[in-house]
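Chemist: If you're matching them up, the sequences are chains A and B in order.
Residue numbers for the first sequence follow our numbering, so the first one is 1 and each next one is one higher.
Residue numbers for the second sequence follow our numbering, so the first one is 1 and each next one is one higher.
Be a bit skeptical, because a hint or two may be false.
What the hints assert, rightly or not - Computed cross-link-like contacts, DMTMM-like style, restricted to lysine to aspartate or glutamate with a CA-CA straight-line distance of at most 25 Å:
| no. | chain 1 | residue 1 | chain 2 | residue 2 |
| --- | --- | --- | --- | --- |
| 1 | B | K316 | B | E378 |
| 2 | A | K333 | B | E73 |
| 3 | B | K337 | B | E361 |
| 4 | B | K316 | A | E243 |
| 5 | B | K364 | A | E243 |
| 6 | A | K333 | B | E514 |
| 7 | B | K364 | A | D204 |
| 8 | B | K320 | A | E307 |
Unchecked claim - Residues of chain A clear of chain B, computed beta-carbon distances all greater than 12 Å:
| no. | residue |
| --- | --- |
| 9 | A97 |
| 10 | T100 |
| 11 | V133 |
| 12 | S209 |
What the hints assert, rightly or not - Here are the in silico distance ranges between beta carbons for each label pair:
| no. | chain 1 | residue 1 | chain 2 | residue 2 | range |
| --- | --- | --- | --- | --- | --- |
| 13 | B | E482 | A | A233 | 31 to 37 Å |
| 14 | B | K364 | A | T329 | 54 to 60 Å |
| 15 | A | A54 | B | P115 | 54 to 60 Å |
| 16 | A | A54 | B | A403 | 29 to 35 Å |
| 17 | A | R314 | B | L387 | 39 to 45 Å |
| 18 | A | R314 | B | T462 | 41 to 47 Å |
Keep in mind that the hints were calculated from the coordinates and are not lab data.
Where is the CB? At the ideal position from N, CA and C, for every residue including glycine.
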Amino acid sequence: MSASPIFSSAAMGRPFILPPRLTAKKTAEILAQVGAIPKLAAVVPASRLDVCPAPEMVSSGIPQLDSLTGGLARGCLTEICGTASSGRTSVLLFALARATQRGEVCALVDASDAFDPASAAAAGMEMGRLLWVRCGEKYPSRKHPSAALSGCRKTGASYQGMSSGVPQVAENSFGFSRCGSTRWKNPESQRWESQLGQMLKVTDLLLQSNGFGMIALDLGDVPVPSARRISLASWFRFRRAVEHTPTALLVLEQQPIAGSCSSVLLRVSAVHSQRSGKKLSAVSSQLSGNRPAHSELPHTELLDQFEITAELLRSRLERKLERKPVQSTTSFKSRAAWAG
Amino acid sequence: MFACICIPDFPVQAIIRFEPELRARSIAVLAGRPPLEKVVALNEKARQSGVEIGATKSQLEAWEKLVLRARSESHETSARAALLDCAQSFSPEVEDTSPGIALLNLAGLEPLLGPLPKITRDLAQRVSQMGLEANLAVAANPDAALLAARGFSGVTLIPEGREAERLGDLPVDVLLESFSSDVAEAARWVEMFDRWGIRKLRALAALPELPVSERLGQPGIRLQKLARGVASRNLRVLGPRLIFAESVELEYPIVLLEPLAFLLNRMLEQVCARLGARALAVQELHLNLELAVTQPNGCASFTRTLRLPAPMLDAKVFLKLLQLDLQAHPPGAPIVKIYLSADPARPRALQSGLFQPVFPEPEKLELTLARIAGIVGEGRVGSVELLDTHREGAFAVRHFAPAEHEVKQSGNRKKNMSMPENDSACEREQKFEENAKENAQEKMSAVIALRLFRPPLGAMVTLREAKPVRMRCPEREDIAGEIVWTAGPWRSSGDWSEQEGWSREEWDIAVPAETALALYRLVQDKLSGNWFVEGTYD
């Protein structure tokens, strides 16, 4: 019997059996040679190599944010969370505006129909490259309050396209976990379920159609309990769908909901300038003393120098990018649209 | 050289083109007023089984496997147009001789399309792709080609100078059917030639010219020339036809969309094949459905138009788009006739660059948009266009059709092309660019955005010294509280001369929220006096 199987097994780190009827000298020679063989078991076959190239990063348009996260990753899911008036929408619109300026085609799936075109135009958005999908009731029964109060008159052309009087088309539930469904009997919750179902379907279609540089899901006004009912399987599906594509998938929300499916998780919060903070606290104290409460704080103080703080809560890209974050928070100022 | 495409039993072929599954069966086409319909056309199988032209419907009951179809003018029109498209895809000089027969001039095509046998083969293949079985003949003059195509089945190539020899085997009936417009007169000629013992064209061609002229006059001379294959004439060339339409009249009304999709698929494939033969694509697709009206005030026709952002030529995409459109806008009554037409356009030619940003394919994007519109509703998906008005939030949602990104030429190219002695100018230009970059960076800060409540939330506001100091939204309990900061009011009004005039006052307010301040836009409608929260600054 040849000794080559013994050597190959030893090289691969597998156990081996010595053939019978070997002399003690021969056995000692074989064992000495086996001991000299370098262990190859640690060598990973080429087919199993964990080759995972770093994702391409694109600028969010805000240098401070880019230095914090390295930019927005293509082929990944990025979550931006924050409360109302935290500046999260400003960040999202600016990132979309930069993408459209680069010539990319972007999509905004607006779960709560809260997108303001004038703000987007002020951020420099090329409107022709942004696909806006307004989720919500196909035929809303809610009317503009002024119209409801003042008879037939309608104020504002912004509510065009909402014809009323047609029965609402029921949407199938989609991608929701059903546990504890008693709360969903609430009409408001049902409305959100319908809108989120639409959003999930639309996102699936957009991700399948390819060619979008950035797809943003706006869940900013969706109540947290409703948003959390989106099952993790949906987020996992989005993550797999966006992988290896040139699309950056952004999700705007109040609290993190995608779990481990998101590659980057950013929390955005607003910081008011010292002067405004002092004045406002003074005003608050005046209010408690039942004194007249009218701040003399100029308009520019609060809105034009709106300071936004972004905190990097989690990033799965650091290992791929072979860099460590030098900081976890950054601040930048936004300007008002009318400030030019 | 001239080629002739002849579709034998044209009314039958026009029906088979739309119902390809009937190709292997014996078919008779009936025409006339019921119950006196008679057979006007039949295919070779039916002929072999003993069916004859002119048989009545009751006589045909003896043939169990015979398929009977009513003559369809719309099918014949579509098939005739398809045949002409096919001929015009090879030669610009095409004559529409009669239904099912087209003549085309092949002069000068050999350097472009190859030798004559190859052109003939390609032509036969193209006609077959259109769903028609044709006889093809190529000869030195159009009439000889026409006779050969009517008389010989398959592809016939007659070399120049051998027309009389090849046409001599044809019966005289073929000549008279081809060139005599009057049936009675043709029958008289046939009877006379039969009495003379002339049954083949070879015999007619061999008659001496002078006695023929003395006995039959000029028509006899013409017939003899045709029999010899020496008659010459110019083609009556067709003008360019750019109407690509297909129509179907249904025997039974269609109620469901699924069977309609099968018919639409066939029609779309035919339209796309015709457009493809002319190297054209579809820019607009018009679908006209004639409805079986059940109510006296009902609409008898239903029209849908698909406007495509870029010219396309994919029958499957069109079918899906039409299906989605009809699902969103059902016709509302049974369908008895379908008319589909396409506006042609030159196909999209696009050279993509390595460094150009990714772009969705127009076909895929169009389908995606149609599907999304089916989910969220029409008018709720598209690109936004701000309207030129002072009215707050005035915009329109347009169909999303993004233009390709044009790569802008950078200044480096200009720099490289500049002369070396202009160094100072270059430096100045460089400095200017650097300054511009710095300015751009300064401007590159996020703009505070507004999130709108649609429709705005009605609010109850407490005023003190004409300023809001406290507010509450009955619809949203979380939007309430003391107003710790206000700015405003900003008054605006417009459209006072119109019925929908507007006048409003805007306030920017800050209300303490759970963790920080929440900034809102509070609006008072001056016409009604009502307050509402329009949005939140975020």
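Chemist: Hint by hint, note whether the structure agrees.
Modeler: Structure-based check of all given hints:
Restraint check for K316(B) and E378(B): the C-alpha separation of about 22 Å stays at or below 25 Å, so the hint holds. For a cut-off of 25 Å, the pair hint linking K333(A) to E73(B) is broken: about 73 Å separates their Cα positions. Straight-line distance between C-alpha atoms of K337(B) and E361(B) comes to about 33 Å, which puts the hinted pair past the 25 Å bound. Annotation: proposed proximity of K316(B) to E243(A) is violated, straight-line Cα distance about 28 Å (limit 25 Å).
Under the criterion of a C-alpha separation no larger than 25 Å, the hint pairing K364(B) with E243(A) is consistent with the structure, at around 19 Å. Only pairs whose Cα atoms come within 25 Å are accepted, and K333(A) paired with E514(B) is accepted, the gap being roughly 23 Å. Between K364(B) and D204(A) the CA atoms are separated by roughly 14 Å; this keeps the pair inside 25 Å, and the hint holds. Of the supplied pair hints, the one linking K320(B) and E307(A) is violated, its CA atoms being roughly 49 Å apart against a limit of 25 Å.
A97(A), annotated as away from the interface, has a beta carbon of chain B within 12 Å; the closest lies near 9 Å. The Cβ of T100(A) sits about 9 Å from the closest Cβ of chain B, inside the 12 Å cut-off, so the non-interface label is violated. With a minimum CB-CB distance of about 5 Å to chain B, V133(A) fails to clear the 12 Å threshold, and the non-interface call is violated. A beta-carbon of chain B is positioned within 12 Å of the beta-carbon of S209(A); the least distance is around 4 Å.
The supplied range of 31 to 37 Å is broken by E482(B) and A233(A), whose beta-carbon atoms lie about 44 Å from each other. About 41 Å separates the C-beta atoms of K364(B) and T329(A), a value inconsistent with the hinted range of 54 to 60 Å. In this structure the hint that A54(A) and P115(B) lie 54 to 60 Å apart at CB holds, the actual value being about 59 Å. A beta carbon spacing of about 32 Å between A54(A) and A403(B) agrees with the range 29 to 35 Å that was offered as a hint.
Taking the beta carbon of each, R314(A) and L387(B) are about 42 Å apart, inside 39 to 45 Å as hinted. Checked against the given bound of 41 to 47 Å, the beta carbons of R314(A) and T462(B), roughly 44 Å apart, stay inside it.
Checked against the numbered hints listed earlier, the structure breaks hints 2, 3, 4, 8, 9, 10, 11, 12, 13, 14; every other hint is satisfied.
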